[in-house]
Amino acid sequence: MIGVLVLSGFLGSGKTTLLRRLLAAPQFSRTAVIINEFGEIGLDHELVEASTDHFIALTTGCLCCKLRSDLVETLEDMLRRREEGTVPPFTRVVIETSGLADPAPILQTLMIDANLAGRLELNGLITTVDALNGADTLEREAISVKQVALADRLILTKSDLAESGSAPLRARLLGLNRVAPLHTADHGCVDPGVFAIDSSNTNAKWARELLPDRSDLHHGHDCEIQTCAIVRDQPIHAVTLSLFLEALAEHCGADMLRLKGIVHIAESPGRPAVIHGVQHVFHPLEWLPRWPSEDRRSRIVVIGRHIPRRWIELLLTGIEAEVQEAGRMKMSANA
Amino acid sequence: MLGELLAQSLIAWRLDGTVRNPSDGSVLLACKGIDIRVQAAAPDLPFRWMVTINDRTRGAISLIAVLRAVRSALDPNYAASRLRIAFPRVPS
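As you go down the protein sequences, you meet chains A and B in turn.
Residue numbers for the first sequence follow my numbering, beginning at 1031 and rising by one.
Residue numbers for the second sequence follow my numbering, beginning at 472 and rising by one.
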């Protein structure tokens, strides 16, 4: 499986600089890059120096708006050419989105497109934030808030240019997304290890990052966007989880920016289930081969817009109670 | 718990309304001029809940069905998705 990283961030937040530095690192050799620019004439690909190990494709227009066709076609074309041997045998794909792009439909496409499934695997979303202008951008541009809220990693760029400290911006970022680790780029450079996510271990990694003792997650909020973490000590029945996810998607689909979870399923005590969702779209559930740590609690994080944390808790609790009651009734009927 | 869930649901759906818990165990919801009563179904009925919307009563088999009935009554733009999330085989 070829891992895919999506690099997001508002206009001028340093995505291309970061990408250029990353591609120079040995860890990022044999990387295929898709650069998407909003204007009809792309420039960014000229700024990213391609070595013989790299392969760069360019799309113009906004990926998130005409995504199903353009992105999928570009990826399929890259894979076909890789198989034919007409491009370097890349082992990773980085998609640099337009600064105005909504990352959600991009993630959804990578998660669900049948033609790409089995060949590509979404590793995560990295979002750059400009330390100099980031706070103002977050105030003015709703799409930048979403880019931050959905991220798996946040990279603070241009911190060397910010005259005053970046503490207020860091606090704002923490309020928007308490799950994503925040890294600081030094003159456009970040330890490439931050991005070199092992596809086979991605879920285990973030499962470790999710909590275990991040009680602050329970209270994270910024304006309408909230991060809600649910922890359950007791295993959850598979049917409970299905009904819960269905209800979330049905009633809050567009407002549910992202959902991640590692769940102790009652019917599968040794192998936890990993769940991913972006708005209405859920990634096929995945079973981890084993628990990534001693912590065997179910942990579900929902990043949502205007979704009360209490509503999510009550919904799960109510469904759990009904499923347990149904189980008791079935047992007594069989007795 | 049902009353609080309905009150929180109104917030999630961005609807203004009130939720009360009378002493008879039912939950009364008022929103957009519509009155809704939700109460536990009698044990001999094949439903868990009974939902009365403007004097018309119907059964609901689960909390999810209650939420669907209530929202359908309050939100003309709501279209129940009937999404089903299939669970893959539990590993042996």
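Hints in this document: simulated from the structure, not taken from any laboratory.
Every residue, glycine too, gets a C-beta built ideally from N, C-alpha and C.
Treat the hints with care, since some could be wrong.
What the hints assert, rightly or not - Just a sample of chain B residues kept apart from chain A, beta carbon distances all over 12 angstroms, derived:
| no. | residue |
| --- | --- |
| 1 | 480 |
| 2 | 481 |
| 3 | 489 |
| 4 | 495 |
| 5 | 501 |
| 6 | 503 |
| 7 | 506 |
| 8 | 510 |
| 9 | 525 |
| 10 | 533 |
| 11 | 547 |
| 12 | 560 |
Stated by the list, open to error - From the structure, some residues in chain A lie toward chain B, with a derived Cβ separation under 7 angstroms:
| no. | residue |
| --- | --- |
| 13 | 1135 |
| 14 | 1301 |
| 15 | 1317 |
| 16 | 1344 |
To be verified - Per label pair, the in silico range of CB-to-CB distance:
| no. | chain 1 | residue 1 | chain 2 | residue 2 | range |
| --- | --- | --- | --- | --- | --- |
| 17 | A | 1323 | B | 491 | 24 to 30 angstroms |
| 18 | B | 530 | A | 1319 | 40 to 46 angstroms |
| 19 | B | 516 | A | 1198 | 55 to 61 angstroms |
Taking the hints in turn, this is what the structure says about them:
no., hint, result
1, 480, "6 angstroms, violated"
2, 481, "9 angstroms, violated"
3, 489, "16 angstroms, holds"
4, 495, "20 angstroms, holds"
5, 501, "19 angstroms, holds"
6, 503, "17 angstroms, holds"
7, 506, "21 angstroms, holds"
8, 510, "15 angstroms, holds"
9, 525, "22 angstroms, holds"
10, 533, "6 angstroms, violated"
11, 547, "15 angstroms, holds"
12, 560, "9 angstroms, violated"
13, 1135, "18 angstroms, violated"
14, 1301, "5 angstroms, holds"
15, 1317, "5 angstroms, holds"
16, 1344, "4 angstroms, holds"
17, A:1323 <-> B:491: 24 to 30 angstroms, "45 angstroms, violated"
18, B:530 <-> A:1319: 40 to 46 angstroms, "44 angstroms, holds"
19, B:516 <-> A:1198: 55 to 61 angstroms, "57 angstroms, holds"
Hint compliance for this structure: hints 1, 2, 10, 12, 13 and 17 are not met, and every other hint is.
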